[in-house]
Every structure is written in structure tokens, then in C-alpha cells.
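Hey, can you work out the whole structure from these sequences and the hints?
In order, the protein sequence lines correspond to chains Z and L.
Residues in the first sequence are numbered from 0 upward in steps of one, following numbering that gives the first Met the number 0.
Residues in the second sequence are numbered from 0 upward in steps of one, following numbering that gives the first Met the number 0.
I should point out that these hints are in silico values taken from the structure, not numbers from a laboratory.
Treat the hints loosely; a few may be bogus.
What the hints assert, rightly or not - Covered stretches of chain L, going by a simulated chain Z footprint (3 or more residues, C-beta under 8 angstroms): (1) 14-21; (2) 25-36.
As the list claims (entries may be wrong) - Among chain L residues calculated to face chain Z with C-beta under 8 angstroms, some are: (3) V2; (4) V5; (5) W40; (6) P43; (7) I126.
The beta-carbon is built from N, C-alpha and C at its ideal position, and this holds for glycine as well.
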Amino acid sequence: MQPSPDIDRVFAALADATRRDIVQRALLTDEGVSELARHYPMSFAAVQKHVAVLERAGLVAKERVGRRKVVRTRLDALRIAQQQLDRYEQLWRGRIDRMAALVNEMEDRP
Amino acid sequence: MTVTAVEKDLQARILVLTAEFDATPERVWQLWADPRQLERWWGPPTYPSTFTTHDLRPGGRVAYHMTGPNGEQPHGWWEVVEMQPPRRLVFRDGFAHEDGTPDDTLPVTIGRVTIEPIGEGRTRMRIESEFASTEAMEQLVAMGMVEGLTEAVAQIDAILAEDASQTERSRS
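Right, dumping it as C-alpha cells:
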């Protein structure tokens, strides 16, 4: 059972450019930690640490593919983060709809 | 459609909504300037808002609370930065404790409202919201995370669409 994404951890984990890049990469490829590490000018251990932060945030999970362990982005965690941001837009859309209703109501008055 | 455009300037941490109303700028301004009208749109119908302080002069404070379906009362505040009736209002918008003091643990945004006539008795209102807190989300938006995330989600949707038409890529 994987932990459900915790929004604060998700955002904190994404606060780093390397980790954001890992998330993007792990969406599209099936690479293990050592393969991922080759893309970055840092040690294997450093990349492993970044992957661990992402894993704790529920943004990536290691999955077994045959005999290999690959790092994959978890779509549900990303979606939750996106939803948080969209919520603010929805808040204002609701307000504007109510403003329009109010303006129209005022116009109908004699 | 009242809302005519939504822009997300992610580098600048800004969300912009543009709306058009069949009304004059003065009338649209009243939606902000008259607390009784403000109360009718600020909170959703399930969380009606009550404005207890409402001073839109620069430096002025606005205090309100909303009342939820179970009687809970979240409080909020504005601090007015700029006011030019009926054209412009700039305010900091945050949450407050029960006693009305600002709750610094919750995000603060800066709202910039611009109201302009567009002819034929119609008015365009532009609301710009800028995340301005030390909250993690705000910091991350500043760092361009949202942009990456938006791209990532677009990628996900493309991948899922592709997946649907291809052999399944097993995911446990």
C-alpha cells in the first residue's frame, strides 16, 4: 500500500529543479535510479536522495519491471497538486458568477 | 460567459481573470465598495460572508467572517494598498484567527482589481491575484514549479490518451 499524497510534502518535494526534472523524466521513461543518475552532474547518492524525497511525498514509486526496479511518477499525486492550484481559479470564477447575478438583479430594478 | 479570459503567469506567480459585465464601471465598483453587496458574492452560498469592518481607503482594513453549514466561522482580512474609485483597488487578502488577528500560517495573496468601460454600457473587470505568502505553494510557484507541473499534467493526459489506444503499460 502506497501512502496517499500529502500536499505539503508534494509541494516541498517539487521545490527543487532536479526533483522536478526527475518527476518529468519518470513520467516518460522506465529508468532505475542508476540510469536516472547519469542525467545529472551529481553523485549517484545525491540522486538517490532526491528520489527518496519524491518517494516520501508519494510523487514517485519504485516498481519492478522484470528484474529491474524502475522509478515511475505517480499520476494521482501530480493531479492532486494541480487540483490545489485550479481550486483558486474556481474560487474566483464562483465569485464572478455571483457578481454578474447581482449586477443583473440590480439592473432589473426600476 | 461572464469570465472572458483566464491567464496564469506562472513566473510572476499571478492568476488573472477577466470578466465583462452589462453594467457601468460605477455599478461594478459598488460590488466592492458596498459591504452589503460584497457579502452577497464573496463567499459561496453555503458559506455566506459577513463584513464587520470595511474601510477601502489606502491603509484601511476590511474584516469578515464566513459561516459554514456546521456553524464554523472562518475569518479573513484585507489590507487596502490602493484605491481609485471606480477604477482600481489593490489589497492584501489573508485569513485570520477568531479574534480577527491575521493567521500567518495561511497564504496571503495580493488582489489587484482594475475596472474599465468597454463601450455600450459594458465594463471589463480584471482581477489579478498574486501569491505573496511564505507558504510553500507560493515559494514553489515563484520557482516555476507550477509551470513544470502544468506541463507534466498535460504530458500525463497525452500519455493516458496514448495508453488507451495502445497495449496496456502495466501499473500496479
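Status of each hint after checking the structure:
1. 14-21: The restraint on the region 14-21 of chain L holds, since 5 of its residues have a Cβ under 8 angstroms from chain Z and three suffice.
2. 25-36: With 4 residues in contact (Cβ-Cβ under 8 angstroms with chain Z), the coverage given for the region 25-36 of chain L holds.
3. V2: holds (5 angstroms)
4. V5: Hint on V5/L: holds, closest Cβ of chain Z at ~6 angstroms, below 8 angstroms.
5. W40: holds (4 angstroms)
6. P43: Check passed: Cβ of P43/L comes within 6 angstroms of chain Z, closer than 8 angstroms.
7. I126: Where the cut-off is 8 angstroms and the nearest Cβ of chain Z is about 6 angstroms from I126/L, the hint holds.
Violated hints: none; the structure is consistent with every hint.
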